[in-house]
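Chemist: Given the structure of chain L, go ahead and fit chain C onto it with the hints provided.
Number of protein chains: 2
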Amino acid sequence: MTDVRAFVTEHRADLLHDLDSWLRIPGISAQSAHHADVQRSAEWLAEAFRRTGFPTVEIWPTEGLPAVFAEWPAADDDAPVALVYGHHDVQPVDPIELWRTDPFDPTIDGDVLRARGASDDKGQLLFHLLGLRAHLAETGETSPAVTLKFLIEGEEESGSPNFEKLLSDRRARLDCDVVVITDTGMLAEDVPSAVTGMRGLVVGTVAFHGPDLDLHSGVFGGAVPNPATAIARLVAALHDEDGVVQVPDFYDDVRTLTETEQKLFAMVPFDEDAFLATSKSRALAGEGGYSTLERLGARPTAEVNGLGGGYQGDGGKTIVPSDAFAKLSFRLVADQNPSKIRAAVERFVGTHVPPGITHTIDWEGDGVAPCIVGIDTAAYGALSRAIGSAFDTEIVLPTREGGSGPEAAIQSALGAPLIFLGVGLPDDQIHAPNEKVTLSMLYKGAEATAHLWREIAALGRDGVRA
Amino acid sequence: MTDVRAFVTEHRADLLHDLDSWLRIPGISAQSAHHADVQRSAEWLAEAFRRTGFPTVEIWPTEGLPAVFAEWPAADDDAPVALVYGHHDVQPVDPIELWRTDPFDPTIDGDVLRARGASDDKGQLLFHLLGLRAHLAETGETSPAVTLKFLIEGEEESGSPNFEKLLSDRRARLDCDVVVITDTGMLAEDVPSAVTGMRGLVVGTVAFHGPDLDLHSGVFGGAVPNPATAIARLVAALHDEDGVVQVPDFYDDVRTLTETEQKLFAMVPFDEDAFLATSKSRALAGEGGYSTLERLGARPTAEVNGLGGGYQGDGGKTIVPSDAFAKLSFRLVADQNPSKIRAAVERFVGTHVPPGITHTIDWEGDGVAPCIVGIDTAAYGALSRAIGSAFDTEIVLPTREGGSGPEAAIQSALGAPLIFLGVGLPDDQIHAPNEKVTLSMLYKGAEATAHLWREIAALGRDGVRA
Chain L
7 MTDVRAFVTE HRADLLHDLD SWLRIPGISA QSAHHADVQR SAEWLAEAFR
57 RTGFPTVEIW PTEGLPAVFA EWPAADDDAP VALVYGHHDV QPVDPIELWR
107 TDPFDPTIDG DVLRARGASD DKGQLLFHLL GLRAHLAETG ETSPAVTLKF
157 LIEGEEESGS PNFEKLLSDR RARLDCDVVV ITDTGMLAED VPSAVTGMRG
207 LVVGTVAFHG PDLDLHSGVF GGAVPNPATA IARLVAALHD EDGVVQVPDF
257 YDDVRTLTET EQKLFAMVPF DEDAFLATSK SRALAGEGGY STLERLGARP
307 TAEVNGLGGG YQGDGGKTIV PSDAFAKLSF RLVADQNPSK IRAAVERFVG
357 THVPPGITHT IDWEGDGVAP CIVGIDTAAY GALSRAIGSA FDTEIVLPTR
407 EGGSGPEAAI QSALGAPLIF LGVGLPDDQI HAPNEKVTLS MLYKGAEATA
457 HLWREIAALG RDGVRA
Chain C
7 MTDVRAFVTE HRADLLHDLD SWLRIPGISA QSAHHADVQR SAEWLAEAFR
57 RTGFPTVEIW PTEGLPAVFA EWPAADDDAP VALVYGHHDV QPVDPIELWR
107 TDPFDPTIDG DVLRARGASD DKGQLLFHLL GLRAHLAETG ETSPAVTLKF
157 LIEGEEESGS PNFEKLLSDR RARLDCDVVV ITDTGMLAED VPSAVTGMRG
207 LVVGTVAFHG PDLDLHSGVF GGAVPNPATA IARLVAALHD EDGVVQVPDF
257 YDDVRTLTET EQKLFAMVPF DEDAFLATSK SRALAGEGGY STLERLGARP
307 TAEVNGLGGG YQGDGGKTIV PSDAFAKLSF RLVADQNPSK IRAAVERFVG
357 THVPPGITHT IDWEGDGVAP CIVGIDTAAY GALSRAIGSA FDTEIVLPTR
407 EGGSGPEAAI QSALGAPLIF LGVGLPDDQI HAPNEKVTLS MLYKGAEATA
457 HLWREIAALG RDGVRA
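Just so you know, the protein sequences line up as chains L and C, in that order. So the first sequence is numbered by my numbering: it starts at 7 and just counts up by one. So the second sequence is numbered by my numbering: it starts at 7 and just counts up by one.
Just chain L, same shape as in the assembly (with noise of 0.2 Å):
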């Protein structure tokens, strides 16, 4: 039986080999011309799977592009089953001519690889079969003490269009007992944390029509209702001066942070400085009384993402607009509904719409249910005592993602607890050009990966829904 540290440290070699070899293929879902590419990705995270020893290995197509299925029952069948989340495409380099490296030449720089998919989310897959290596080493057993299952999504840089049939499609296949996502970050290299939660987000177009041609502002202004200023009645109508939505019931099933999460937050480290930098903004703004990571993670928002109408040229029209629109978006949090805030977003609608004033309401598909993990569950206590023996400190922070994911799909079809593994840091540059891993992270991740098979095995099938 081998320490789980020496293990991955004697084989970093071996994370670094694969790491280049994967990331040569320029696995890009959003661009037609490189769906050859993610088709190629596939294949070699098959063989990469097969190598690591996983007896069943599959890839698994769709109406888009194919994802990758692997598993590897453990020795008794009583044991715990766990599915590991991620996906093997990457997204588009565009502005090619921002990066300092060739997108697709890995390059390592000290503790640095740049390359796109390095940490989003390549990188942190590989560190899981290091890990489950590490695993193997620790026990002396030819088969993990957990069963382990994993879905490796191909389209999840072009919004997991094929997702939801695929788990429909797959549900029996993919039963589980627990489902750890890794496709996520920690705060800082000395700052272990896991995601406990990321918001839902409900998406539309409201647009107001006026009169049916565009009008002579002078020959008729000032006598019949005009949509611009109708919508931006609607628009400002959506948050009080204090930033608090207007939305009647918005808030309802808004699940509010307990004492212990409050404090959590509190410990969790911000720089505001940083954090303006990183946005290209000057002021922080938002729902009065929260903090800007209770605001980011633990609150629901109301958005204009768009607002059009009327003359869009150089200097001045004077007409009265026959159109105008608003593209709104809602971020949800536990435990809100995105049918029931769709519903609710209609009503306020229907409320601020003049006289004279026709709507329509577009809404883009279903919308996505918010996911958050309960910090007090056996598999979130599993995790952080996973983390904590990797980066030799008891501390792992709760933190929540602003962002909605494929997550809450995952949860609602497999009925399982989720937990979040990842290793990336926020300056990884993900989506954008230079996109870095920090190797030392991956090397930890690896680590917490072997630990935590182990301290889920311990809670048991029953323990860890917990």
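I should point out that these hints are in silico values taken from the structure, not numbers from a laboratory. One should not assume that every hint holds.
Identical copies carry no separate label here, and so any pair may be met within one copy or between two of them.
Heads up, simulated BS3-like pairs for lysine-lysine below, C-alpha to C-alpha not over 25 Å straight-line [to be verified]: (1) Lys-346 x Lys-269; (2) Lys-346 x Lys-171; (3) Lys-346 x Lys-286; (4) Lys-323 x Lys-171; (5) Lys-323 x Lys-346; (6) Lys-286 x Lys-269; (7) Lys-286 x Lys-323; (8) Lys-269 x Lys-323; (9) Lys-286 x Lys-171.
Modeler: Here is chain C on its own, set in the frame of chain L:
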């Protein structure tokens, strides 16, 4: 000596012949392909003035398209000097497919003549020539009872870009005691009326800048200021629930309607269904406490002509936009001052810029001052009697137009009282396909102008300015 009506009736064919000839010249000032036609139009008009007997006829070049100036002195050096303003250029004809006849092949159908420029403004200018001949026939003299000057612009349909300079350069030649604007209309064939006011105008673009680039609304939404929300709140703050403009000091200089003016406004026929049909709108709106005609003619407005910012494409894009703008225009009434209004709006905008947002305001030019004709002035009295004689009725209702033209610049440059003699009708479709003029209105216009010179001569130079 001949009766005015008898002369006009006898010589109708001359007016129709001239109209047919001039309307065939497509003098579209907004289209450079037609600039040679605008030049031909000026030459045609100059020749028509000469043919009528004007001893002085000049084509005045500008940096753009030429104006025509004609002068015919009265025999009496002390006679009042009247200057007639109009324009010889016409609007474009797009969308050409909606015309039922060729816009430059004048077509007579009963009392209606259809062609581009028939009403705006060629028909209205030509009734002056017939009217002047009737005036000479009535008096039996070889020169008019007032010194007549005509200043006929060639760029009115392109925003009169060189007109103020022309007024300033030719100031001495344009000296006069009263200005007759011949580019407007009456309420209906059987409701003779005269415009007594045109609104002024201030136009500008307010731009708000938030983050220096579009941000991911999941990662940053709810924590940084959104310029689209801020611009919507600014636009919403422009009016209260009752349509009253909320810019402080906005109404300070507004001349309120006298009791007489209110009564006259109330006498003007207003057909709500017809107005809604013309404006392709489904409801009336505007400042509380005023009728639609008062809102259009006697009250200032704040209107948003364009609104923009953030994502403009199909579907949704979850960003916090970097920029947003509102294109605003303010119609002004006597005695509002464009530069005072600009300053008031700048102060108002300044108080609506949230922390973290920067802003700019770009004004279009210096704005246009409102102009108004006192209905108790001698010049308006002369006009009212002249129209009354032509239409065989004593009532001449004062109206006010909502739009803004070069009239204020004329009033300000020449320092003489303005009156409006125009016989267009609301359904003339000026600036639109199938422009028409009602011929009997042109004949009445010719009679009115013949009566007007006699009435003004009777007032004397000092009298007409009273």
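Chemist: When the structure is checked against the list of hints, which entries are broken? Sort them ascending.
Modeler: Of the numbered hints, 1, 3, 6, 8 and 9 do not hold.
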